[in-house]
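Trainee: The residues making up each chain are set out below.
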Amino acid sequence: MITSFLADQALLEDIVRILFVFVLITAAFILSTRNIASLLTVYAVQSFLLTLIAASLYLIEGSEKLLAMAALTLVSKVLLIPLFINVIGEKIKISRDLEFNYLEPTASLLVSMGLIMLSYVFLSGFFDEYVLGKLFFVGAVIGLSLTLMGMLVIFSRKKVMTKVIGYLTMENGVLLFGIFVADLPFVIEILIVIDLMILVLLTTILAIGLDSTKNEYHKRLQTLKIWSGREE
Amino acid sequence: MSLLEALVYGAIIALIFGTILPLLYRSKNTRKASFSLSFFSSILLLAFAGTVLYTGKEPTFPAFGFLPGLNFTMAADRLSAGFILLIAAVVPGVSIYSIEYVEHAKSEARKDIQTVLTNLFILAMLMVVLAGNMVGFLIFWEIMSLSSLMLVLHDYSSEENKKAGIFYFIMTSLSTAFLFMGFISLFRLTGSAEFGHLDYAASILTLPFLCLFIGFGIKAGLVPFHKWLPYAHPAAPSSVSALMSGVMLKVAIYGFLRFLLSVSAPEIWWGVLIIIGGSLSAILGVIYAFRESDIKKLLAYSSIENVGIIFTGIGLYLIFKLEGLEGLAMLSLVGASFHAFNHALFKSLLFLCAGSIVHATGTRSIEAFGGLIKRMPRTAALFLIGSVSIAGLPPANGFVSELMLFQAYFYSSALQDPLLKVLLIITLSVFALTSALVAALFVKLFGITFLALPRTKCAKEAIEVPQPMLSGEAIPAALCILSGLFSNRILALFGFDFGIPDMLVIGLLLVGVCGFVWLGVRNTGFSKTPRRSKETWGCGILAQHPTMEYSSIGFSEPLIAIFKKIYRPEISSTRTYSDTKECIFKDGTTKIHFPKFFEKHLYLPVAHTVNVISFQVSRMQNGKLGTYVFYVFIAVLTLMTFTRYFA
Amino acid sequence: MNASFLLFTLLNTGFILLVSPFFMSLIKKVKAYVQGRKGPKLLQSYFDLRKLMQKEVVYSPNSSIIMRITPYLNLGALLLATLFVPVVFIPNAPAGIGNVIVFLYLLVIERFFTSLSGLDSGSAFGGMGSSRLMSLSAVIEPTMIIAFAALAYVLKTVNFHEMFAITAGSTIPESPTLSLISISLFIIIIVETGRIPVDNPATHLELTMINEAMILEQSGKNLALIELAHAIKQTILMAILINTLAPFGLATELTFTGIVISCFYFLVKASLLAGLIGLFESSIAKMRLFRLPGFYMMAFFFSALTILMEVFI
Amino acid sequence: MIVLSYLAVGAIMLILIAFSKSHRTINAFTTLHTLVFLAIGLYALLNTTVPAFETGSEYFYVDHLSIYEGLIAALLFFFASVYANGYVESLIEAQELHRNNLKIFYLIFSALLTAATLAFFSDNLTLFWIFAELTTIFSAALVAILSAKENIDAAIKYIFIASGAMLFSFIGLTFLYTLSGEVLGSGSLNWTVLIENASLLSPKMMTASFVFLFIGFAAKSGIFPFHTWLPDAHSKAPSAVSAILSGVLLNIGMYGILRMYSIVRQTQAEHLISQFLMGFGLLTIAVAVLNMLWQNNLKMLIAFSSVEHMGVILLGIGIGTPLSLFWTLYYVLAHSLTKASLFFSAGILHRQYESNLIHDIRDIFSLQPVAGWGLIIGSFAIIGMPPFPIFSAKLFILLEAFGFSKPLVFAVLLLLVIASAAFARFLIEAFTRSSKEAGIEDSETPLLPYVVKRGMKFPLLSIIFIILALGVFFPEFLETLLNKIVYELGYL
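Protein chains in written order, with my numbering: chain A, 1 to 232; chain B, 1 to 647; chain C, 1 to 313; chain D, 1 to 492.
Calculated directly from the structure, the hints in this document are not laboratory data.
EDC-like, lysine to aspartate or glutamate: derived pairs with alpha carbons at most 16 angstroms apart: (1) Lys528/B x Glu56/C; (2) Lys534/B x Glu56/C; (3) Lys591/B x Glu570/B; (4) Lys624/B x Glu150/D; (5) Lys624/B x Glu99/A; (6) Lys421/B x Glu310/C; (7) Lys162/B x Glu429/D.
Sequences and hints are given; from them, build the entire structure.
Mentor: Next up, the structure:
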């Protein structure tokens, strides 16, 4: 019964489509949410959705690699990274990222619509969906647009923490794109994730330096009044 | 390796040693030694160039492979030999002069550096002329520019010297850029870097021609690219100004000739362009020289004028050649080259003398001089020789080359094309005006500087410069007279015979007649007439005062009035009256200011535009991460669209 | 240096040296007649020169060697210049004697040193004079060059001797353009000898004067030499005009009768020309200094016109 | 074998550094590390038959290009580590670097060397991508290690722009993967495989994937409009690091572009892409020189000139003729060395004046003659004056570019004039200032000359010597090496 249910291709594809929609929604949240804690949660949810997508793809295609990737994503992106960032977030007592530059949330949502269209048009130029099944094509589109939206987050939000999350979103997009377009060797995937972890580690640690509101930290920076080397 | 090559190598090695020694042992004697080395090398070069020009046999040098697929070669044909002769004629005077002159630099280090750079500069110029292919040419061209730049900056403490340095550097790298363009296009065309014969249609060679014309024009100081000269020369030490004006400009002309003579089928409009450019620089150069009262600026402008004359000659050569008048073509080409040689001599002489004057008085402003002939008689005599030959008075050398060009012009009735004739008539009258103005200019310069009463304290207390400097000046002075008197012999020696008047005869006759007059006056019983020394008559003023003398700008006043259109003088005056009705004039001041035309309408606008653009562009770098990522974002979107529709 | 040339040197130079002062006083005389005065004797200039030669020489203490050599240089340069303009007969001159350009630059020598000596004594007048002289002569230079270039164009040579050898045969000008050239040559004479409307030789210490201002400090025999040089210059220029416009009678080879005839003819023609100059001078007013370039422009226009005619016809 | 030895040495050195105490020993180990890498590279060049795959694995591949780049990297790291010995010490004395950060600094330093070297030797493009990312992170850490706010800021910029762009090149990789999948059946990202079957790849997809890859690599090597991070990072980093950033890390991006272009070159897309590259090269040069013109910050100036030179190199790659490739590779070497010498001099000056600003520099010839002359000679070299190597490289690249378009060459020449004007202006303004007319009151204590630490002058002088030698004499083995590279990239 369960197996037959799991064997039902059409249904699974519908599920994946629904997941796509959810992914986009999370992206929209990340674009507009001000509270960093909730941003983090949304990101975790997004990663979890990716895990589900990978899993259901495994059910459709049945290559273990996809399953492993699902597991990897679950471990790294749903658990470790959010946890770590949370810790840092505690250290620097900021919970909210209020300023936006270039794009207010509403505008950025509209822009992201445009992005989705653009990535559709773009990809349709290269993969017509007959080569690469319809579902997969849509997945690719979603992946690409998610990447672009992540970038949107990076430049439209002020605080480094938010930017980090934007970067992570981009990475999710790339992952999604990768899943649907090509199945890279698994070793590579692992390395990529490691690389991602290190990067997040570094950036968040640095974020302390920039986002922190602790005064004595600032004082310590003031004492070294070197690097007067700015022309503006 | 025959004797010829040995001479060249000897000269090069001597110069290299001259360059390195002062860095190793830093003492007065080393400096002296290195200058004597450059003197020695120029003697060798003199022998070398003389033989090559006389025998016409060209030495062969081994190629030195220094880049894959490209050798560094040296070559010397009669053209390069001619310009080596020029270098060898100027360098001796300069090096002897410098032995003493360098010692007046501010600090020991500067003395050494000046010595080193001067030698390097000479070496670089020599190597440019000797270079066998374009790359070698460019390399030493750059070294030449650099060493001269650092010499211009030798006294970097003053603001205008800094400005001069920056300006000179920009201009010279512009000229190098144009040379790059020209040489690269030639390289692509011929497939080799050698200076070979260019048997191509002129239409193909248009780009290289224009690029090289502009590139060499900038370096030679052709209007409107001349602006760097009046800035760089006052900044440089006088010995270096002598080298720059005397030799470096000629090196640029050498490069241009090197290209032009290798073209088998040029077009007539090239010649027209060259001759127009030449005449323009000639007339504007001397006209601008008139308004200057800084002696070195004035001399710099007169260099511009002389370069203009040389280019006129080159243009004449091209036109006559294309019209099939070989004889006239040769006449004007040799005339131009000979004028280059002569200008090298008398301009270096004049700059050296100017250096002595500046050294003696401590200022460059002519208005401060006066009466120096009493205090510096030797310098005055040498300067007079320089002025006489630059003003083109027979039998000095400056006259001979102008004579050749004039004759070429006068015979131009043989041309067929009426329009060309008209062009030549116009340029001829410009040329005539130029030469007359030069005479006027140097009457002014010599008269205001040396004659009458000293105008300021520094001129009153000036003393004659030490012997080495004088003998350094004496060499080019002697050469000026000799190369004038023996011009026919020299040209005949090198195989040119144009049947121009024999200066030796005319010179002897002139001396003879003057002597005859003198004797006549003495021996006809009039020598007994008493002579008396009495104050100059000043309309009843008892003691004459320097302020009564004509000043430099006052001397120029009629010309400024005549050429108002060119000078556009802005005269501003203030007057005060001792009564309310403003009838009785108490006192007042008048200022005259000449707007710098090319600076205002060519240089500054360009510079300004570049600055504005660079300002706008540098505002992109606003230090905000958001902005930067935004750029990336936009770029990515653009690229995606681009790829979608162009792939 | 052949014998005939040696003879020429003596005869030509001597002759010009001899007759030059005569024309000076002749012109004065004509002007005087026109103005209704009696005027000086025809030999007055000779007396003046003699008087000056005997007077004492006064030098300003400010003045230098320039002041002292200038007279000799001037006279020397102009005596040399006489060799270039044959009036007695036409020798076959060696070494490019007679070259137009050399001739012009010999005149420049005279001008150059005169202006220097003007500056030498440091008086305001001298400076003014030399400044004006150099400027105006610079402006007239194109005209002179073009005029002589026109001669060279028409006669296809740059040597006076050859030119006059060509013209001498004919009684009327070789080509119509020559008569045009002679107009500008006439103006050149006026300018170069500093006559009205360019300059007024008769006045002193007037702010319009040019030549007199420069030689103001010259005195005694030096002044005499300078005056003599001036006279010679005038004669030479007149000779050029005459040989161009009315060349007949100039002996082309060395014969006694020929020399006598050409000397005679020259005297007649030159006297006529001198009279003409005198009339011209007294019929026109002195121009303001800065209207002179316009006047020169006219001369330039004539000479340019001649060449253009040569070019296009 | 080679790569394994690289890995092993890298790891061992990390451990040694981690367990050594004094600064001197740490630095000695780092220097040793660089020397060993240099030795390995030379050994690989001389005694092994290249090109060859690394033992069994399809992931690593050694050919002359990778050895060449690896050698350049090792050489620069060697000089940098020698320089760092004195420089870092004085950083600590000035309290700009915390002593307990010292070890981290060196650890990252040698890790960076390993990562960079491995990047050059990786055959699998994804692997290359990862190593490139790692170098970004490590170098960012090196930038940020001076705990000043500006440094952290610069590092953050660096990471976000470079890595963000690198993500796009990962998308490009996936494109490439599918593309190869279509042709070969099973997809592959091995450069060797791709270049073998390059002619089969469809130009359209190839273009798309190249453009995406280009985004990332361009960001890595500071091509307009992805260059924005570079000036900040390079100017804020400690000078020893700046030298590496300019001399090595920029080459990584260029290396990636070159590899990709050599594939594209054999497809139909070649024409479009080469125009694309040349266009970006020209834009980069233009923006860089315009930023340089009125630059008042010495290290900013040098950094922007790196951008400019990257533009020239991109141009050289875009031309795509064998000769242009030859000279572009030479240009890479020349630029790395020259730029290192400039940064070393700038470092000494920064120790002296505690600032890079033009109006703080004064009395240079009395205070720091060596650094001053180093800077002057380095500037001559970097603006392409003879007898320095960049001159001839520039000449030949332009010569080749002339075949494509004359206006391009002309524009580049004029822009280079602006660049040299910028250097001239800076040097003349800065070096001619003396305390007297700079209007410094006597109340302020006059500057004491900064005592240059042991080993800081050696790299500077030796590099100047090397570039002078290279300029006047083009060594035989270099020529053969470069020719081999040109051949192996399928240009001949």
